[in-house]
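> Sequence:
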Amino acid sequence: MQYANYLVFLGVLGVTVSLVIHRAHRLIQNHVAQNRCIIRHGCQPAAKIPSTGIFRSLRRTLSNIRTAQQHRVLETIHGNFQRFGNTLTDRRLGRSVIITCEPENVKAIVSQQFQDFTVGHRVHAQGPLLGHGIFTSDGDRWARSRALLRPNFTRAQVSDLALFEEKIQDLFALIPDNGATVDLQELFFSYTLDSATEFLFGHSLHTLRRRSATDGDSASEVAIAFNYAMEAITTRSRLGSLRVFYFDRKATQSFKICHMFAENLIDHAVQRRDANPDAGKDQQKYRVIDELVRQTNDRRQMRDELINALIAGRDTTAGLLSNLFFLLAKHQEVWTKLRDEVNSTLGRRLPTYEDLRQMKYLRHCLNETLRLYPVVPINSRRAENDTCLPVGGGPDALSPVFVPKGTMVLYSVYSMHRRDDVYGPNASKFWPERWDSIRPKWSYLPFNGGPRICLGQQYALAEAGYVTVRLAQRFCKLESRDPEQWQESLSLTLRSRNGTKNDRNLQGIKTLTPFELSKQALAIDRKLSQHHQIGSRTVPNKYTGQRKGVDLPLQDRNYITILLFIKLLEPSHESLVGTVLPGFVTFFLSNIHPSSKVLACDVNHHPRLGKGLVRLFSGPRGVVGKTLTAEAIAEIAHCPLYVLSSGSLGDSSRKVQERLDRVLELTEAWKAIFLLDVVDVFLVKRNNENLSRNAITSVFSGNSNTTRGSCY
Numbered sequence: 001m002q003y004a005n006y007l008v009f010l011g012v013l014g015v016t017v018s019l020v021i022h023r024a025h026r027l028i029q030n031h032v033a034q035n036r037c038i039i040r041h042g043c044q045p046a047a048k049i050p051s052t053g054i055f056r057s058l059r060r061t062l063s064n065i066r067t068a069q070q071h072r073v074l075e076t077i078h079g080n081f082q083r084f085g086n087t088l089t090d091r092r093l094g095r096s097v098i099i100t101c102e103p104e105n106v107k108a109i110v111s112q113q114f115q116d117f118t119v120g121h122r123v124h125a126q127g128p129l130l131g132h133g134i135f136t137s138d139g140d141r142w143a144r145s146r147a148l149l150r151p152n153f154t155r156a157q158v159s160d161l162a163l164f165e166e167k168i169q170d171l172f173a174l175i176p177d178n179g180a181t182v183d184l185q186e187l188f189f190s191y192t193l194d195s196a197t198e199f200l201f202g203h204s205l206h207t208l209r210r211r212s213a214t215d216g217d218s219a220s221e222v223a224i225a226f227n228y229a230m231e232a233i234t235t236r237s238r239l240g241s242l243r244v245f246y247f248d249r250k251a252t253q254s255f256k257i258c259h260m261f262a263e264n265l266i267d268h269a270v271q272r273r274d275a276n277p278d279a280g281k282d283q284q285k286y287r288v289i290d291e292l293v294r295q296t297n298d299r300r301q302m303r304d305e306l307i308n309a310l311i312a313g314r315d316t317t318a319g320l321l322s323n324l325f326f327l328l329a330k331h332q333e334v335w336t337k338l339r340d341e342v343n344s345t346l347g348r349r350l351p352t353y354e355d356l357r358q359m360k361y362l363r364h365c366l367n368e369t370l371r372l373y374p375v376v377p378i379n380s381r382r383a384e385n386d387t388c389l390p391v392g393g394g395p396d397a398l399s400p401v402f403v404p405k406g407t408m409v410l411y412s413v414y415s416m417h418r419r420d421d422v423y424g425p426n427a428s429k430f431w432p433e434r435w436d437s438i439r440p441k442w443s444y445l446p447f448n449g450g451p452r453i454c455l456g457q458q459y460a461l462a463e464a465g466y467v468t469v470r471l472a473q474r475f476c477k478l479e480s481r482d483p484e485q486w487q488e489s490l491s492l493t494l495r496s497r498n499g500t501k502n503d504r505n506l507q508g509i510k511t512l513t514p515f516e517l518s519k520q521a522l523a524i525d526r527k528l529s530q531h532h533q534i535g536s537r538t539v540p541n542k543y544t545g546q547r548k549g550v551d552l553p554l555q556d557r558n559y560i561t562i563l564l565f566i567k568l569l570e571p572s573h574e575s576l577v578g579t580v581l582p583g584f585v586t587f588f589l590s591n592i593h594p595s596s597k598v599l600a601c602d603v604n605h606h607p608r609l610g611k612g613l614v615r616l617f618s619g620p621r622g623v624v625g626k627t628l629t630a631e632a633i634a635e636i637a638h639c640p641l642y643v644l645s646s647g648s649l650g651d652s653s654r655k656v657q658e659r660l661d662r663v664l665e666l667t668e669a670w671k672a673i674f675l676l677d678v679v680d681v682f683l684v685k686r687n688n689e690n691l692s693r694n695a696i697t698s699v700f701s702g703n704s705n706t707t708r709g710s711c712y
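Using the working numbering, you'd call the opening residue of the sequence shown number 1 and step up by one each time.
Please keep in mind that the hints were generated in silico from the structure rather than gathered at the bench.
Among these hints, one or two may not hold up.
If you anchor each label on the Cβ, the simulated ranges turn out as follows [to be verified]:
hint: 1; residue 1: Val17; residue 2: Arg243; range: 34 to 44 Å
hint: 2; residue 1: Leu666; residue 2: Gly406; range: 49 to 59 Å
hint: 3; residue 1: Leu398; residue 2: Lys441; range: 17 to 27 Å
Only pairs whose alpha carbons sit at most 20 Å apart, straight line, appear in this in silico SDA-like list of lysine to any residue [to be verified]:
hint: 4; residue 1: Lys107; residue 2: Thr118
hint: 5; residue 1: Lys285; residue 2: Arg363
hint: 6; residue 1: Lys405; residue 2: Thr118
Quick reminder that beta carbons are idealized off the backbone N, C-alpha and C, glycines included.
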């Protein structure tokens with residue numbers, strides 16, 4: 001018995017010794033290989049962040065948590081760079097960490113040595129929300145996720161700005177016109193959530209409309225859950241291996257709400273697929289959700305991809321807009337210059353994608369905001385094998401730095417964007433004009449770089465640019481209501497902790513009395529006469545409470561145009577009820593002479609006809625003033641002008657009807673003035689020989705009777 005026990009003891013001892021020898025052999029091999037790598041590349045150690053006392057690694061972790069609670073993470077890291085150097089080493093919970101803001105090192109991490117650094121470690125901290133999506137995956141899984149999302153961000157899809165305009169009208173509805181303080185940051189996050197859900201999934205949450213319906217209450221449950229879930233996974237990331245002790249019931253509930261939201265989207269997409277398997281293959285717009293349900297039945301994979309895509313589409317643009325308007329409100333001279341560019345480039349018309357790309361000062365403002373407050377200010381990678389960074393080692397910080405396998409590497413875009421040696425001694429100041437002369441290349445990385453560069457970069461810039469331009473067109477003054485300086489709120493993305501509280505003064509859109517409205521109409525007619533010298537007699541009416549408006553006798557003309565007035569003035573005088581329709585601008589004509597060919601349509605008396613006024617112009621080509629009329633009305637009404645040639649609608653009644661319906665929907669959503677030009681080529685006498693022309697004529701005449709505020 002004793003002999004048997006002795007044999008067991010020897011066996012256990014032998015196995016233990018073998019394991020120890022094997023482990024020691026591996027350590028020696030690794031050490032030798034690392035020394036060879038260090039010698040081969042001439043690596044030298046980087047500066048260390050000083051730390052004293054026992055349990056210094058734990059103390060450092062707890063200190064980082066306190067810094068995060070005080071909202072000073074970025075400034076603390078930036079201060080360490082300024083004191084100790086641009087590449088530093090540290091230890092956290094026994095693990096080696098390298099922190100850098102050197103452009104050459106960042107270039108190596110994200111591009112030149114891309115295969116040496118991975119992000120798979122993120123799933124342990126961020127998995128409860130993001131799962132295995134594009135932000136937490138490497139290798140083939142990451143490549144598949146990226147290939148799935150890429151078609152959603154093609155130029156053809158990004159350049160379609162109608163989606164942004166529809167949502168901007170919901171945003172305008174929530175901005176008070178009485179000088180009250182409004183937190184734009186909350187509105188921006190709701191706006192981007194609405195636009196991102198429609199852009200990516202074809203179904204908007206409409207959180208802005210819900211806020212309006214509840215008199216400004218908080219956004220929807222989904223939006224609130226996403227905000228809290230983002231904060232929770234950031235806390236888990238900061239805790240490192242200590243996250244096993246972290247439990248937050250509210251975070252767990254937020255994760256469930258986000259997942260349920262994604263599951264509901266998947267259910268609807270699956271139903272569409274099953275009802276019509278071929279649906280979506282020939283659709284004009286690519287939707288990532290429709291492609292997902294065609295490729296896989298794995299609901300967990302679909303859920304992870306959708307949540308990752310939504311966070312990318314919502315948070316980056318909302319953070320950019322919030323920080324931009326915080327800065328603009330503090331720098332009135334920049335806001336004034338930006339508005340001047342918008343007015344000189346666009347006037348009152350809506351911007352196109354090309355307009356946004358060509359507006360130089362707008363780009364400078366966006367670039368400068370992203371420089372000071374990048375949407376992802378700090379990022380991380382883990383070394384997949386032994387490697388090195390190009391610079392940061394040695395007394396002069398010019399030698400390579402060895403990076404052992406498993407080392408966490410953090411790079412601070414926030415600090416890199418504030419380097420005096422790149423951006424000058426005023427690098428910490430907001431000065432868009434600096435972009436007239438600088439081309440920083442890898443020193444400027446607001447959307448990451450290399451193979452993982454942000455797919456939605458152009459989408460975010462287009463959306464942020466569009467919102468900025470439309471706000472500049474709408475509001476003439478921007479007043480900061482933030483008494484404090486900017487303070488970070490850092491989750492996966494960066495925003496202002498205290499929001500973006502501003503006052504907006506509404507530009508020129510107000511309720512007019514009947515007499516004021518008469519003067520507006522008279523001013524338009526005078527402007528036309530001055531420019532075209534039509535010679536028509538304009539006789540103002542005296543307002544007596546009985547007669548409304550002005551007389552606008554017309555000469556004989558033989559040209560026809562459609563003007564659709566969709567927007568503006570609510571009546572402030574009860575005598576206008578039934579004549580001025582709420583939300584729409586109308587001209588008032590009295591003493592109408594039969595020869596002027598003017599037909600006034602009153603919806604109360606004739607419910608089948610359109611609300612507003614139908615006016616027939618006739619006269620020689622080039623002197624009627626249809627375009628100038630539309631421009632003058634848009635200028636006085638302070639609303640966008642959309643001009644379209646009728647020939648571009650198509651050559652068949654079906655095409656004309658479909659496209660005209662779509663244009664009218666967009667015009668009403670944009671609350672714009674719509675000038676449909678060259679309609680006279682269709683509005684000719686009907687005959688029995690050209691039935692297709694008769695059908696097109698019916699389309700135009702039918703819309704003239706049912707479209708609000710139409711003017712022929």
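> What hint numbers does the structure not satisfy?
5
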